[in-house]
Amino acid sequence: MKKDKFALILGANSDIARALAYLMAQKGWNLYLASRRLDPLNRLAQDLHLRYGCIAQALYFDALDYKSHGSFYKGLQPKPEGVVVAFGYLGPLKKPPKDFAEAEKIVQINFLGAVSILEIVAKDLEKRKKGFIIGLSSVAGDRGRASNYIYGSSKAAFSTYLQGLRQRLFKSGIQVLTVKPGFVVTKMTRDLDLPKHLVTQPEKVAQDIYRALKAGKDVLYTPFYWRFIMGAIKALPEGLFKRLKL
Amino acid sequence: MKEKEIAGWGRYPKIKAKIYEIGEREEIPALLKHISQGIPWGLGRSYGDSALAQEIILTKGLKHFLAFDPQTGLLRAEAGVSLREIIQVFLPQGWFPPVVPGTQFVTLGGAVAADIHGKNHHHHGCFSEFVEEILLFIPENGILRVSRQENPELFYATCGGMGLTGLILEVSLRLTRVPSAFIRQTSIFLAGLEEILTAFEEHQQALYTVAWVDCSSTNPLGRGILLIGEHAQEAPLKIRLQKPRAVPFVPPVSLVNSWSIRIFNWLYTKQASRKPRLDLVPLEKFFFPLDKWAHWHRLYGPRGFLQYQFVVPKDQGLYALREIAQQIKKSGLSSSLAVLKLFGPENKNFLSFPMEGYTLALDFPYTEGLFRLLDRLDQIILECGGRFYLAKDARLKASVFEKGYPYLERFRKLRKSLGLDKKIQSLQSRRLAL
Chain A
138 MKKDKFALIL GANSDIARAL AYLMAQKGWN LYLASRRLDP LNRLAQDLHL RYGCIAQALY
198 FDALDYKSHG SFYKGLQPKP EGVVVAFGYL GPLKKPPKDF AEAEKIVQIN FLGAVSILEI
258 VAKDLEKRKK GFIIGLSSVA GDRGRASNYI YGSSKAAFST YLQGLRQRLF KSGIQVLTVK
318 PGFVVTKMTR DLDLPKHLVT QPEKVAQDIY RALKAGKDVL YTPFYWRFIM GAIKALPEGL
378 FKRLKL
Chain B
1471 MKEKEIAGWG RYPKIKAKIY EIGEREEIPA LLKHISQGIP WGLGRSYGDS ALAQEIILTK
1531 GLKHFLAFDP QTGLLRAEAG VSLREIIQVF LPQGWFPPVV PGTQFVTLGG AVAADIHGKN
1591 HHHHGCFSEF VEEILLFIPE NGILRVSRQE NPELFYATCG GMGLTGLILE VSLRLTRVPS
1651 AFIRQTSIFL AGLEEILTAF EEHQQALYTV AWVDCSSTNP LGRGILLIGE HAQEAPLKIR
1711 LQKPRAVPFV PPVSLVNSWS IRIFNWLYTK QASRKPRLDL VPLEKFFFPL DKWAHWHRLY
1771 GPRGFLQYQF VVPKDQGLYA LREIAQQIKK SGLSSSLAVL KLFGPENKNF LSFPMEGYTL
1831 ALDFPYTEGL FRLLDRLDQI ILECGGRFYL AKDARLKASV FEKGYPYLER FRKLRKSLGL
1891 DKKIQSLQSR RLAL
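Note that the protein sequences, when read in sequence, are chains A and B.
Just so you know, we're using the numbering used here here: the first sequence kicks off at 138 and counts up by one.
Just so you know, we're using the numbering used here here: the second sequence kicks off at 1471 and counts up by one.
Same shape as in the complex, but just chain A (with noise of 0.2 angstroms):
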């Protein structure tokens, strides 16, 4: 076990990055992990210090706070060697926003946020040479649907800023990975009523990321039919898919 090895989880405190966390801490690494309520952040890294005997430090970060975001990441002391962006918010749920202040919000967190605190990291990867980013983005992305098209258009932007943060970062050696995750059973949508045999573990996502990760992808879809289910959806022309309930 190399006994510096960092790695920045932030949203940490949602379901798919404390599997991930769990993972990463079984497979040898310390953990900083951020997020915006402390309470339950701090009781994950005292659970997986005393599992995994690794260090685990939890941090306050709050996506919003766009000008608090360089101080953050200057503090980190060793630096990441990896930054994982978990934090996102969905919005109400199987509906669009009612007013404009949500909508704001969903934007805000999930591709604002995301880019003020990636484009500090990127550019001290970039210095190091070395690293990756992992950007937790959506299938909700591919394509606009009328249920939840703020949400979708914000994991679009984000992952078409990582497809553009891959391009960049490539030459200097650092892995930029977009996942994009099917139906997940998490705190975000556990009361959504979800097809059976479509949604998956937390566990199952972060196996996959992490196996992602070792193998050097670009994109992930998890579990991997997302892929086919999302290539047909895009396929369907436009004509059609407006007159659909999807």
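Honestly, I wouldn't trust all of these hints.
[What the hints assert, rightly or not] Coverage of chain B stretches by chain A, computed from C-beta distances (three or more under 8 angstroms per stretch; other residues unrestricted):
| id | segment |
| --- | --- |
| 1 | 1525-1539 |
| 2 | 1808-1819 |
[Stated by the list, open to error] Cut-off 30 angstroms, straight-line C-alpha distance, at most; resulting in silico cross-link-like pairs (DSS-like, lysine-lysine):
| id | chain 1 | residue 1 | chain 2 | residue 2 |
| --- | --- | --- | --- | --- |
| 3 | A | K351 | B | K1533 |
| 4 | A | K324 | B | K1799 |
| 5 | A | K164 | B | K1474 |
| 6 | A | K142 | B | K1708 |
| 7 | B | K1893 | A | K235 |
| 8 | B | K1893 | A | K324 |
| 9 | B | K1708 | A | K341 |
| 10 | A | K351 | B | K1488 |
| 11 | B | K1708 | A | K324 |
| 12 | B | K1708 | A | K333 |
| 13 | B | K1867 | A | K333 |
| 14 | A | K341 | B | K1799 |
| 15 | A | K333 | B | K1530 |
| 16 | B | K1893 | A | K341 |
| 17 | B | K1503 | A | K341 |
| 18 | B | K1799 | B | K1867 |
| 19 | B | K1484 | A | K382 |
| 20 | B | K1474 | A | K341 |
| 21 | A | K333 | B | K1799 |
| 22 | A | K341 | B | K1867 |
| 23 | B | K1762 | A | K341 |
| 24 | B | K1486 | A | K333 |
| 25 | A | K324 | B | K1533 |
| 26 | A | K142 | B | K1533 |
| 27 | A | K164 | B | K1708 |
| 28 | B | K1755 | A | K324 |
| 29 | B | K1484 | A | K324 |
| 30 | B | K1713 | A | K164 |
| 31 | A | K164 | B | K1799 |
| 32 | A | K382 | B | K1474 |
| 33 | B | K1474 | A | K324 |
| 34 | B | K1533 | A | K333 |
[Stated by the list, open to error] Label-pair distances were calculated between CB atoms; the ranges are:
| id | chain 1 | residue 1 | chain 2 | residue 2 | range |
| --- | --- | --- | --- | --- | --- |
| 35 | B | P1815 | A | G190 | 55 to 61 angstroms |
| 36 | B | Y1877 | A | S205 | 37 to 43 angstroms |
| 37 | A | G190 | B | L1760 | 28 to 34 angstroms |
| 38 | A | L383 | B | S1617 | 54 to 60 angstroms |
| 39 | B | R1732 | A | K354 | 57 to 63 angstroms |
The hints are simulated quantities; they were obtained by calculation from the structure and are not laboratory data.
Predicted model only: the values in this text are computed from it and were never measured.
For every residue, glycine included, the Cβ atom is placed at its ideal position computed from N, Cα and C.
Dock chain B against the given chain A, drawing on the hints supplied.
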């Protein structure tokens, strides 16, 4: 929230319930405001209806280890952490839960709620002996720290209180040092009940004792095997825990019936050597032999089974066990291997089950006529001054249960005074007016 058919470990009774899941502690106040009457559920190892209610609160999200002091062995963890996890993490460091039941798949919260006992009760008492502090959420009061010093009344009510004194959030438990991950086990074949009880007395100084009794054998009545265990000194600490294999489906009828029981018991006692035998066995195998099979309760078929566990004072032991065996035989029903243990003195908890004497646990496949038999057994136990274990019960009558628990009234009063009877109820607590 999901609506689902659900049952305790005995798979009897089965009910439709609304299932709520605690993702993290912060959700609890809102959740408890939302539900009308419910009961927490950990890993569902209580046999009857202790954890059944119209609304069930899964403590899944309370799964963190919070602190551990390697000097004293004091562990603080959330209530949903299982003994299995504690063993996984701390056995390699030389620590083990001080009291374990027959399965490691119970949560800390459940272990406190049932104030579980193990094969070392005659030396170390119940689980609660090693509990220093409990963090409790009470709907009308919020979070309370509960220990022998702070809110002691609530501490004695919560240990053994079947989850009825509020939601257990955290438990501080003193782990015990062990020299290895192995047990030096001596097994002794014994030809009848009297021999078994004598052997228990003879081996009182041994740390762990338990007997498997074949109640279907009649001549002589109740042959069995006494297992005696001590922690092995010169053996490794690191060991890979076994992964349970699952009984994959529920057979259409119970595979456990009077014929299979007779054959199994005959084989089990036949293979036991007549001479005392010494083995070095992994802790897991000694304490949790059935954990090898996940869902072993499925073997009892769709109608499930009932476990019946009672304790009687020592001087009544032989009489009670003989009567019980005779009644079972007369009824034509049968129980698979029964587990017999020696208990030390009782503790101060209001509803803790153990008291000085012998305890026997019997498994009966659910059949017509079973309740009539059990009602008769109840009377024998009461006559002997015994009592019954809530964690196994699905059918006791309030009038029968009450007789064994002198502090029950205090428990009820405490629940009322904290408004707990309004929010927290199980089918069992309603049946027995707990």
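Check the hint pairing A/K142 with B/K1708 against an upper bound of 30 angstroms on the C-alpha distance. 26 angstroms, holds
Take a quick look at whether A/K333 and B/K1530 sit within 30 angstroms of each other, Cα to Cα. The hint holds at about 20 angstroms.
Hint consistency between B/K1799 and B/K1867 [alpha-carbon to alpha-carbon, up to 30 angstroms]: 23 angstroms, holds
Could one say that the CB atoms of B/R1732 and A/K354 fall in the range 57 to 63 angstroms? 59 angstroms, holds
Does the alpha-carbon distance linking A/K324 and B/K1533 stay inside the 30 angstroms limit? 15 angstroms, holds
Verify the proposed pairing of A/K324 with B/K1799, using a straight-line Cα cut of 30 angstroms. It is violated: about 53 angstroms lies between the C-alpha atoms, which goes past 30 angstroms.
Given pair status - A/K341, B/K1762, alpha carbons within 30 angstroms: At roughly 25 angstroms apart (the allowed maximum being 30 angstroms), A/K341 and B/K1762 satisfy the hint.
Outcome of range test on Cβ distance (B/Y1877, A/S205; 37 to 43 angstroms): At roughly 55 angstroms between Cβ atoms, A/S205 and B/Y1877 fall outside 37 to 43 angstroms, so the hint is violated.
Checking one constraint from the list: CA of B/K1484 to CA of A/K324, max 30 angstroms. Satisfied? 28 angstroms, holds
Please work out if A/K142 and B/K1533 have their alpha carbons no farther apart than 30 angstroms. The hint holds at about 26 angstroms.
Below or equal to 30 angstroms on CA atoms is what counts here, so check A/K351 against B/K1533. Holds. A/K351 to B/K1533 sits at ~29 angstroms (cutoff 30 angstroms).
Measure nothing beyond the straight line between the CA atoms of A/K341 and B/K1799; if it is 30 angstroms or shorter, mark the hint as holding. 51 angstroms, violated
When held up to the earlier numbered hints, the structure conflicts with 2, 4, 5, 7, 10, 11, 12, 13, 14, 16, 17, 19, 21, 22, 28, 31, 35 and 36 and fits the remainder.
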